[in-house]
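*Asks:* Construct all of the structure, not just a fragment, from the sequences and the given hints.
Residue numbers (the working numbering), protein chains in the order written: chain A, -9 to 667; chain B, 271 to 464.
One or more hints might be untrue.
Claimed, not checked - Only pairs whose alpha carbons sit at most 25 Å apart, straight line, appear in this in silico PhoX-like list of lysine-lysine:
1) Lys204/A with Lys434/B
2) Lys417/A with Lys370/B
3) Lys370/B with Lys172/A
4) Lys390/B with Lys417/A
5) Lys381/B with Lys432/B
6) Lys370/B with Lys381/B
Everything labelled a hint here was simulated from the structure, so no lab data went into it.
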Amino acid sequence: MRNPAVIAFVIIFLIPCALGPAARGQNDTPLAAQGSAQAKDIADLDIEQLANADVIVTSASRREENLRTAPAAIYVLTADDIRHGGFSSIPEALRVVPGLYVARTNSHSWSVSARGFSDFNNNKMLVLIDGRGLYSQVFGGVYWELEEMPLQDIERIEVIRGPGGTLWGANAINGVINIITKKAQQTQGGSVSATAGEGEGYQSSFRYGDRIGKNLYYRIYGLSDYWLPLVDGTGTEEHNRWSIPQAGMRMDWDASSRDTLTFEGRGYDGRLSDLAPYLDLTRGPLIPETYVVKGGNLLGRWQHAFSPQSSTELLSYCDWNTRTGFAPPYSRVSCDIELQHSYNFNARHAITWGGSFLTDADTVPGNFGLRFDPSSDRDNTAGVFAQYEVAVVPDHLRLTAGSKFEHNSISGFEIQPQVRAVWTPNKVHSAWAAISRAVRTPTRGELGLHFLYARLPSPEPTFLEVVGNPDLGSEHSESYELGYRYQPRPSFSVDTALFYNQYEKLVVYPPGSPEVNPDPFYVVVPLVAGNSGEAQTHGLEVSAQWQPLKRWILLSGVTEDRGSAFAVASTPQHQFNLQSRLDLPFGIEVNSALYHYSALPPVRTKLPVPASERVDLGVSWQPTHDLTFSVWGHNLQSDHHAEAATDPGEIPAADVRRSIVFKLAWQFKQECSGGRK
Amino acid sequence: MTGSLPNPERSKMRLFGRTLVLVYALLLFGHVPCSGQMDEYSIKAGFLYNFTKYVEWPEASFAESNSFVICIAGEDPFEGRLDQVISGRTAGNGRPLTVKHLDKGTTGNFKGCQLLFVSKSERRRANEIISAVEGNSVFTVADFSPFAEMRGGADLRIEGNKVKVDLNVSAAIRANLKVSGRLQQVANLVSETK
Chain A
-9 MRNPAVIAFV
1 IIFLIPCALG
11 PAARGQNDTP
21 LAAQGSAQAK
31 DIADLDIEQL
41 ANADVIVTSA
51 SRREENLRTA
61 PAAIYVLTAD
71 DIRHGGFSSI
81 PEALRVVPGL
91 YVARTNSHSW
101 SVSARGFSDF
111 NNNKMLVLID
121 GRGLYSQVFG
131 GVYWELEEMP
141 LQDIERIEVI
151 RGPGGTLWGA
161 NAINGVINII
171 TKKAQQTQGG
181 SVSATAGEGE
191 GYQSSFRYGD
201 RIGKNLYYRI
211 YGLSDYWLPL
221 VDGTGTEEHN
231 RWSIPQAGMR
241 MDWDASSRDT
251 LTFEGRGYDG
261 RLSDLAPYLD
271 LTRGPLIPET
281 YVVKGGNLLG
291 RWQHAFSPQS
301 STELLSYCDW
311 NTRTGFAPPY
321 SRVSCDIELQ
331 HSYNFNARHA
341 ITWGGSFLTD
351 ADTVPGNFGL
361 RFDPSSDRDN
371 TAGVFAQYEV
381 AVVPDHLRLT
391 AGSKFEHNSI
401 SGFEIQPQVR
411 AVWTPNKVHS
421 AWAAISRAVR
431 TPTRGELGLH
441 FLYARLPSPE
451 PTFLEVVGNP
461 DLGSEHSESY
471 ELGYRYQPRP
481 SFSVDTALFY
491 NQYEKLVVYP
501 PGSPEVNPDP
511 FYVVVPLVAG
521 NSGEAQTHGL
531 EVSAQWQPLK
541 RWILLSGVTE
551 DRGSAFAVAS
561 TPQHQFNLQS
571 RLDLPFGIEV
581 NSALYHYSAL
591 PPVRTKLPVP
601 ASERVDLGVS
611 WQPTHDLTFS
621 VWGHNLQSDH
631 HAEAATDPGE
641 IPAADVRRSI
651 VFKLAWQFKQ
661 ECSGGRK
Chain B
271 MTGSLPNPER
281 SKMRLFGRTL
291 VLVYALLLFG
301 HVPCSGQMDE
311 YSIKAGFLYN
321 FTKYVEWPEA
331 SFAESNSFVI
341 CIAGEDPFEG
351 RLDQVISGRT
361 AGNGRPLTVK
371 HLDKGTTGNF
381 KGCQLLFVSK
391 SERRRANEII
401 SAVEGNSVFT
411 VADFSPFAEM
421 RGGADLRIEG
431 NKVKVDLNVS
441 AAIRANLKVS
451 GRLQQVANLV
461 SETK
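*Replies:* Now the structure itself:
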């Protein structure tokens, strides 16, 4: 204690922090703790005071009530769950979801898959943010790096494993990830957060929310970040650092007791670097390249209730982005409009029906190594769907049947029907079953890509070329699912799902006979896309939640994925995770998680990936209601490990690395207007 | 503590300390506690309790039992808050208050209820419930909107970050209930659409 600064720091800073909550009285202690005292006092408030009281939206980890009776493999990640993971990006936060496999292939690329087909071009999952589809029609996956947002603005993430084509349309063949952001009412006041991490990078964000007039709420936010690169197999940093600063807003207007309007918008402008394949014969096989990415989106939603039985929703959005770098500058604009109407005839019969129109245009000028044929294209998809729900035995047996009918400019008409049933004999048990058919339309890449993606180790320049096929049709799947949920008491629940999927007409790339280009001299082995793939997958997903003590929650998940080698090669056969959340006195929380992934087998020329464990540990301290410090260690078990395999010659998948991250979050003003006088 | 430090260091130290004190004082006291903030179902429980005082029931409606019965139709969202609010309190007319839970989907036994809280789980049965209580002195309050406009008594809905009461005075009159002017002033008065 020779340094006076240390003493001063302890006296001035730490002691008041510890005393803070006591000194500041009951009103600022967390609601859960003050619950009963507060409820009793309510009776002393007069009716005018009640009318003026501000509602605090509780973010308790309580799952939505109707989840218990959902006839699908659904898992909901609440705002509280996301906070307890200590992650800084959406795909990382999805790691905890049982049944998903999250493989980070480099600093800015993730593959998030369910039930096999883990791949960077993971084209069988549909991801939405507030209804806006993130599916890239160009390559089929999700550019996760373009969809960053302050995670504290997420209300919940609903993850549905299995086909969702009936409601969501094509490309939801293996699952739907539905990200829902908080309403502006829930983010009033300001907040500032800063994150700095060894092995991860830096992130800072601010948010301010306020009200205009009586019923119009808004928030604006800004986020800037800098992500460190991942490492290669020897632990050396690679060329995949990135930074995509962005700003955005959301506005919610309760226009009347029956109408709610929402507007959202955001824009970003950033850089990311990566190794890129050669662009011509002379440059090396892989060169570091910097990409400039710019884009944004606008979204509007109008919800109207005609009566308690009848409501409608109109959604429209546009999204655009450009990417320049590894020669062909790419640009894409997509716009969508959807109308949905729900009508409950009575307590037993209900129908949801609607229509949608999506237009998606892109331009990818070509170069020696990569070109699209045609270089510009527009695809339109129009669809209608209807789903009928009937309570065969009220409160015990419910049947849902429906179909989506879609027409798109690539593969023509598509039909995606499904039938689901859920049986809930009592509050403890519930069982469900489903049969569905889903389709995935070919991407622009599969239709018209010409990509010299790997150079073989031979004296003459010899390349593997992926060649698109304009005559491709859609991939089809038939899925059979069974699920069972068991909740003997509120503190313990188990959710299991079994699935069997049969895929037909999968897009595969069989090698063709080599072609020689005389001048300049090189040899090309074409891999031409065809619909000849067939596969089956089956597996089991179990998740459990147990709260042994009021302040201690344990969550666990087990996932088994089996099937045709081609379908499950990049997905661990066996995954396990265990998370523990412990709330200690004085606002201290200790969170830990253990993950196990079984080895990925060698397939074709791909190298095997050994089995791995992952250990995360986080401690957070909330000295006052509006201030939180936390420290997180991710991947504590080893310096680095791989989560995905690549073919030789491809851009190699990087190893994820250990990171130690410090976070500070401060909320600086609560909405106080109209409070009790 | 700082006696051994040379002067310039000392004043720097003092400045540093003062700044910290100021910053922390701002953190500690700068935030005005929002005493008007409560969770949604505490406020709604408060409203239900107040309805027992600002709505007048005919004596005949207490024929079956002497106590004032608040019924909850469907899943109970209060998690014990309503019981805490009314414990040790009486209704406006001095009668003891009790809470009765009705199963999801029941339609027959609303008669013993003075106040019927219709939970969100019963949204689809709104019309059935309204018809079932018709002709009885039962004040129906739904946890969803629109309800008052559909011949229901009242509904509680979140508008912005406040709980709003939509009140249908004609439905109350039909049920032979008197709604006090004070409640009418606080509420958003709605008329029936059909």
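*Asks:* The structure should be examined with respect to each hint, and the outcome stated for every one.
*Replies:* These are the hints, each one checked on the structure:
1. Lys204/A with Lys434/B: 13 Å, holds
2. Lys417/A with Lys370/B: 20 Å, holds
3. Lys370/B with Lys172/A: Cα-Cα ~34 Å, so violated.
4. Lys390/B with Lys417/A: Given pair Lys390/B, Lys417/A holds - Cα atoms ~18 Å apart, limit 25 Å.
5. Lys381/B with Lys432/B: Violated, at roughly 32 Å.
6. Lys370/B with Lys381/B: Given that 25 Å is the threshold and the Cα spacing comes to 12 Å, the pair holds.
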